[in-house]
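Colleague: In case you want the letters, here they are:
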Amino acid sequence: MSAPPVLRLEGITKRFGALTANDDITLELRQGELLALLGENGAGKTTLMNILFGHYTADSGRVIAFGRELPPGKPRAAIEAGIGMVHQHFALAANLTVLENVIAGTRPLGALGLGSAAAREKLTALSAKFGLAVHPDARVGDLSVGERQRVEILKSLYRDAKVLILDEPTAVLTHQEAEQLYHTLRGMAEHGLSIIFISHKLHEVLAAADRVTVLRGGKVVAERRASETTKDELAELMVGRRVARPRRESQAPGAIALKAARVDVGTALKAIDFEVRAGETLGIIGVSGNGQHTLVRLVSGLERPSAGSLELYGAPAQRPTPRGFVAAGIGRIPEDRHADGAVGEMAVWENAVLERVREPRFSAAGLVRRAAGRAFAREVIERFDVRGGSEDSPIRLLSGGNMQKLILGRNLAESPRILIAAQPTRGLDEGAVAAVHGEILAARRAGTAVLLISEDLDEILALADRVQAIVKGRLSPPIPIEKADPRRLGLMMAGSWEDAA
Amino acid sequence: MMDVLDIFASAGLWAAVLRIATPLIFGTLGALISERAGVLNLGIEGIMTFGAMIGWMTVYHGGDLWLGLAVAALSGAVFGLLHAALTVPLGLSQHVTGLGITLFASSLSYFIFRLAVPVSGSPPTIVPFQVIKIPVLSDLPFLGEAVFSQTAPTYLAIALALVIAYALARTPLGLAVRIVGENPHAAEAQGINPIRVRIGAVVFGSALMAMGGAFLTLAAFNSFFPTMVQGRGWVCIALVVFASWRPERALGGALLFALFDAYQLRLQHVVGKAIPYQLFLMIPYIMSILALLVMARRARVPQALMQPFRRGER
Numbered sequence: 002m003s004a005p006p007v008l009r010l011e012g013i014t015k016r017f018g019a020l021t022a023n024d025d026i027t028l029e030l031r032q033g034e035l036l037a038l039l040g041e042n043g044a045g046k047t048t049l050m051n052i053l054f055g056h057y058t059a060d061s062g063r064v065i066a067f068g069r070e071l072p073p074g075k076p077r078a079a080i081e082a083g084i085g086m087v088h089q090h091f092a093l094a095a096n097l098t099v100l101e102n103v104i105a106g107t108r109p110l111g112a113l114g115l116g117s118a119a120a121r122e123k124l125t126a127l128s129a130k131f132g133l134a135v136h137p138d139a140r141v142g143d144l145s146v147g148e149r150q151r152v153e154i155l156k157s158l159y160r161d162a163k164v165l166i167l168d169e170p171t172a173v174l175t176h177q178e179a180e181q182l183y184h185t186l187r188g189m190a191e192h193g194l195s196i197i198f199i200s201h202k203l204h205e206v207l208a209a210a211d212r213v214t215v216l217r218g219g220k221v222v223a224e225r226r227a228s229e230t231t232k233d234e235l236a237e238l239m240v241g242r243r244v245a246r247p248r249r250e251s252q253a254p255g256a257i258a259l260k261a262a263r264v265d266v267g268t269a270l271k272a273i274d275f276e277v278r279a280g281e282t283l284g285i286i287g288v289s290g291n292g293q294h295t296l297v298r299l300v301s302g303l304e305r306p307s308a309g310s311l312e313l314y315g316a317p318a319q320r321p322t323p324r325g326f327v328a329a330g331i332g333r334i335p336e337d338r339h340a341d342g343a344v345g346e347m348a349v350w351e352n353a354v355l356e357r358v359r360e361p362r363f364s365a366a367g368l369v370r371r372a373a374g375r376a377f378a379r380e381v382i383e384r385f386d387v388r389g390g391s392e393d394s395p396i397r398l399l400s401g402g403n404m405q406k407l408i409l410g411r412n413l414a415e416s417p418r419i420l421i422a423a424q425p426t427r428g429l430d431e432g433a434v435a436a437v438h439g440e441i442l443a444a445r446r447a448g449t450a451v452l453l454i455s456e457d458l459d460e461i462l463a464l465a466d467r468v469q470a471i472v473k474g475r476l477s478p479p480i481p482i483e484k485a486d487p488r489r490l491g492l493m494m495a496g497s498w499e500d501a502a
Numbered sequence: 063m064m065d066v067l068d069i070f071a072s073a074g075l076w077a078a079v080l081r082i083a084t085p086l087i088f089g090t091l092g093a094l095i096s097e098r099a100g101v102l103n104l105g106i107e108g109i110m111t112f113g114a115m116i117g118w119m120t121v122y123h124g125g126d127l128w129l130g131l132a133v134a135a136l137s138g139a140v141f142g143l144l145h146a147a148l149t150v151p152l153g154l155s156q157h158v159t160g161l162g163i164t165l166f167a168s169s170l171s172y173f174i175f176r177l178a179v180p181v182s183g184s185p186p187t188i189v190p191f192q193v194i195k196i197p198v199l200s201d202l203p204f205l206g207e208a209v210f211s212q213t214a215p216t217y218l219a220i221a222l223a224l225v226i227a228y229a230l231a232r233t234p235l236g237l238a239v240r241i242v243g244e245n246p247h248a249a250e251a252q253g254i255n256p257i258r259v260r261i262g263a264v265v266f267g268s269a270l271m272a273m274g275g276a277f278l279t280l281a282a283f284n285s286f287f288p289t290m291v292q293g294r295g296w297v298c299i300a301l302v303v304f305a306s307w308r309p310e311r312a313l314g315g316a317l318l319f320a321l322f323d324a325y326q327l328r329l330q331h332v333v334g335k336a337i338p339y340q341l342f343l344m345i346p347y348i349m350s351i352l353a354l355l356v357m358a359r360r361a362r363v364p365q366a367l368m369q370p371f372r373r374g375e376r
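If you read the protein sequences in the order shown, they are chains A and B. Just so you know, we're using our numbering here: the first sequence kicks off at 2 and counts up by one. Just so you know, we're using our numbering here: the second sequence kicks off at 63 and counts up by one.
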């Protein structure tokens, strides 16, 4: 450990108005090291990395790369010093090819040719060396999320980055893709690259990093070797207190609320059977892209069965429509809260009443009753502890966790008879996960039938009473949660139902 | 009935096609470059009118024809800079700004023209660009008259289409324009300044638009009148979509539209007595709507078209 660090952040402080996002942070990265920056949303991780990369200018402190101080606020200087950054939201042009995305801006604008042949050769060599398989001539818009992330990494490597910073790299990935990514990062570290990745997922940090730096409230609160710490210790350091995810208590389920009998939807779902009873949670586990999207649309009234029958409270659902399903007491937490759950530019209160604006209490004679809407939003904000804005702020200003709490709240405030929760905690930090889980369990306790669709094993194990796996549009038979363990669920998710039984 | 088809066999038709297509090629290329960088420029109709006026005025006051074309290009660049200043760094609505520029530039053209040239019975004229005779090629049977009997700006327009097609696809500058039009944030992350690239594309594109307008007064006709652009700018905007934002297809699209236009002019003479000529005037526009229906459904729109870029926002 005598070698000088490749990167050193020294006493970085950054304030936004009254908020101190980074408070005198000092951090070192050595060559070939995988450092995890762990912290809750709002702990200052992303701010710190943006300062390092030159997107923001620090109020005080220095960034030293390979022994030389970087000028503040100059991304180009960071790129030239060999620092590459992979943002959480990819910066890619969908209609251009992989190669074009990689080489844009790498040659002087006055040059007469692109030098494509040499560039392709270099890119192919990098792909092979680091196991980042992606076709140089593929259109980026046709790639999967995992492949796009590889393109982002390749962009940095192509510019000879020796230090790579990844901001929440697994937030958008499936479990398999995430494992593959960490495998790749490990390989890159062995080739001598130094890597910082930002995360709030404890198991990933423990599995993938050499060293963990924990940020809380803008300060470094601890530093641990990954091999010398535990999940519980990190959770406590990160949140600042002991967080325990709420536990499920057993209770006897009531009548069948929602039932599907040999339902087909186009080719996306094939002969699926399931039933959910009042006061019970049915977990549907599976890797994303196996028909969950269509399943959610089916039980939200957006798709009709092309064969088989869907029953609500013992009677066939006639001519399903989203409004009819809401009126029948179905609450929905959509998979993609930004696309399907909320309208970003509209105010929190408008989003809160959006699904029910036609009800007499929220509108009369064709006019919206704004006072009633605001009052409802205030009630949701209060009861579900939504922070970061008032009922009049645009909802896009809320963090993911708070937006999710609002969506959950506008449904649960109405005591729905059925709750459809699709990936309810994707991308949320530990504190928000605990809050969302607590609310879902409370709804179940109050007699709501919960259909939980998730790819998170821990989430299913914590919340569900029974589990079915979804694989290529088919559902496995259910097993009680007492008989489920990660190995068995893994087999079910792979489609080996008989082996799992 | 034979007469209707015989039209296609006359070399004169094809010569007219190239001539009619020239302003459309200039205008479409200009709109296309601007849109590939993410900026719609509806100022095109007014910019073409202004180019037609100022180009003509330059020559009328003793300037060389090429000087007239250059002055027109410069005036287009100035209007382009105005459009870019309002829509790129300030991020104003591109529709509203563009239409405003069309109204402004058209009225200003007429105003200047009237100040400089008093009303008279017949509009004053200049000596326009002449047909260039190319050795050997112009003497070929049929082809010589149909293709190789054009004025210099027509050859320039066709050459420009090919050069721009190459530049967009194969040079770092072209790639920079495309990535800015697809995702300016991606461009910025690669060290490209999206604001500068957009301003440059709009200014260059507007200069081309004005050259298209100037062709009308400097080569096609020899005088200026305020309504002479006659919606050609709007046709260019449609041709960009028809061409799926690709310069080589824009060339094809302009030629196709010009073919309809040249054909209907001759058709009027052949069967003109029986059918009102206004119906013939509609033919090119109806055909282009039909062509749009077929082509535009497959078009690949630049993803960041009409989306203002603000640093640090997503």
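Calculated from the structure, these hints are not laboratory results. Keep in mind the model is a prediction, meaning the values are calculated, not measured. The C-beta atom is built at its ideal place from N, Cα and C for all residues, glycine as well. Hints may be right or wrong, so weigh each one.
Covered stretches of chain B, going by a simulated chain A footprint (3 or more residues, C-beta under 8 Å) [as the list claims (entries may be wrong)]:
no.	segment
1	227-235
2	249-262
3	354-367
Colleague: Run every hint past the structure and note whether it holds.
Modeller: Status of each hint after checking the structure:
| no. | hint | result |
| --- | --- | --- |
| 1 | 227-235 | holds (count 4) |
| 2 | 249-262 | holds (count 6) |
| 3 | 354-367 | holds (count 3) |
Hint compliance for this structure: no hint is broken.
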